[in-house]
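Student: Just need the whole structure built from these sequences, with the hints factored in.
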Amino acid sequence: MLRISEEQVEGSLDISTSIDLARDAYRLQATNKILNPSRALLNVPGGASLYCMPAHVLGSKAIAVKIARVAPDNVVSSLPSTLATLYLYDSKTGECVAEIDAEALTAKRTAASTAVATDELAREDSTVLGIFGTGRQAEAHIPALMHVRELTRILVYSRNTKKLAEFASNASKKYHVTVIAAKSSLQVLESSDVLVLATSSSLPLFDGRLVKPGTHVNAVGAALPTTREVDSYLVQHSILFVDSRDQARSTYGDILIPIKEGVIEASHIRGELGDLLIRPRLFSRRKDDISLFKSGGVAALDAVFAEHLAKLSKN
Numbered sequence: 001m002l003r004i005s006e007e008q009v010e011g012s013l014d015i016s017t018s019i020d021l022a023r024d025a026y027r028l029q030a031t032n033k034i035l036n037p038s039r040a041l042l043n044v045p046g047g048a049s050l051y052c053m054p055a056h057v058l059g060s061k062a063i064a065v066k067i068a069r070v071a072p073d074n075v076v077s078s079l080p081s082t083l084a085t086l087y088l089y090d091s092k093t094g095e096c097v098a099e100i101d102a103e104a105l106t107a108k109r110t111a112a113s114t115a116v117a118t119d120e121l122a123r124e125d126s127t128v129l130g131i132f133g134t135g136r137q138a139e140a141h142i143p144a145l146m147h148v149r150e151l152t153r154i155l156v157y158s159r160n161t162k163k164l165a166e167f168a169s170n171a172s173k174k175y176h177v178t179v180i181a182a183k184s185s186l187q188v189l190e191s192s193d194v195l196v197l198a199t200s201s202s203l204p205l206f207d208g209r210l211v212k213p214g215t216h217v218n219a220v221g222a223a224l225p226t227t228r229e230v231d232s233y234l235v236q237h238s239i240l241f242v243d244s245r246d247q248a249r250s251t252y253g254d255i256l257i258p259i260k261e262g263v264i265e266a267s268h269i270r271g272e273l274g275d276l277l278i279r280p281r282l283f284s285r286r287k288d289d290i291s292l293f294k295s296g297g298v299a300a301l302d303a304v305f306a307e308h309l310a311k312l313s314k315n
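Residues 1 to 315 in the working numbering are what the sequence shown spells out, letter by letter.
The set of hints was computed from the structure by calculation and includes no laboratory data.
All residues carry an ideal CB built from backbone N, CA and C; glycine is no exception.
Straight-line C-alpha distance at most 25 Å; calculated DSS-like pairs for lysine-lysine:
#: 1; residue 1: LYS33; residue 2: LYS311
#: 2; residue 1: LYS314; residue 2: LYS92
#: 3; residue 1: LYS314; residue 2: LYS61
#: 4; residue 1: LYS92; residue 2: LYS61
#: 5; residue 1: LYS183; residue 2: LYS173
DEER-style ranges, computed between Cβ atoms:
#: 6; residue 1: LEU42; residue 2: ASP14; range: 32 to 40 Å
#: 7; residue 1: ASN74; residue 2: ALA40; range: 16 to 24 Å
#: 8; residue 1: PRO37; residue 2: THR17; range: 23 to 31 Å
#: 9; residue 1: GLN187; residue 2: ASP288; range: 19 to 27 Å
#: 10; residue 1: THR93; residue 2: ASP288; range: 53 to 61 Å
#: 11; residue 1: LEU35; residue 2: LYS260; range: 28 to 36 Å
#: 12; residue 1: GLN187; residue 2: LEU35; range: 43 to 51 Å
#: 13; residue 1: ASP119; residue 2: ASN43; range: 31 to 39 Å
#: 14; residue 1: LYS287; residue 2: GLN236; range: 13 to 21 Å
#: 15; residue 1: LEU186; residue 2: GLU166; range: 19 to 27 Å
#: 16; residue 1: LEU312; residue 2: GLN236; range: 37 to 45 Å
#: 17; residue 1: ILE67; residue 2: SER184; range: 36 to 44 Å
Tutor: Structure representation (structure tokens):
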């Protein structure tokens with residue numbers, strides 16, 4: 001059985017390739033060329049949440065199944081808040097043919113997904129990125145979004161001031177871009193053209209009324225029906241795209257909570273990102289539009305990325 005380590009994943013997936021793979025996966029999903037059932041969720045009271053995410057690209061020889069474990073309290077013990085392992089099975093025999101350490105894969109495919117959404121939805125003249133969060137997901141988004149927009153500076157905010165200072169300093173040196181440790185969420189909102197929300201917060205990070213007109217927002221952190229990073233006002237007043245309608249209506253608190261409040265209906269979702277890729281007329285940005293891309297991760301991306309890695313490893 002093939003074994004692919006974190007180091008191999010890191011060394012095999014550059015930014016350009018990752019973004020291309022994400023685009024391919026969303027197009028496959030939008031054209032019904034991939035079997036991608038809704039993920040199964042096991043939520044342990046007071047403990048971790050476990051997701052089982054299977055997918056199969058029609059015509060391929062593999063079935064991908066990712067087992068992701070999310071435990072926000074892991075930050076206290078210096079463990080990653082998200083742990084993941086991906087298995088590839090022969091689509092005819094069911095034999096397990098590969099095991100992939102999937103934390104790096106998850107970070108890269110999530111950031112690539114956000115980059116595709118930002119490329120499609122954000123203003124062309126966007127130059128300032130704002131990030132909420134200082135974890136692995138937050139960092140992965142820096143090179144990904146630098147690839148699709150000419151960023152001149154990045155503002156980062158976290159309530160953990162020590163981690164924030166370290167993150168800003170390290171990211172500035174690593175990615176050769178000005179990264180500022182913001183003193184408040186308002187500073188980020190007032191300055192940014194594009195926002196990335198990559199936190200373990202269960203409550204909205206800011207008042208949606210403070211998001212300036214013309215901003216594009218990517219919300220990737222919250223993954224449970226009871227948690228969210230954006231408030232109902234922002235969802236209601238944004239043009240909303242998601243990675244998966246089914247998941248958005250079943251497990252994304254950012255969407256479910258405003259629906260339950262009666263603030264929006266499920267039809268407020270303009271479409272999936274894949275829909276936009278094959279039908280660009282779904283969205284035509286006006287100057288002051290606020291766009292929102294909510295993603296929680298779809299197995300379609302995991303399958304496409306995993307098969308790419310397996311082919312590289314075999315060669």
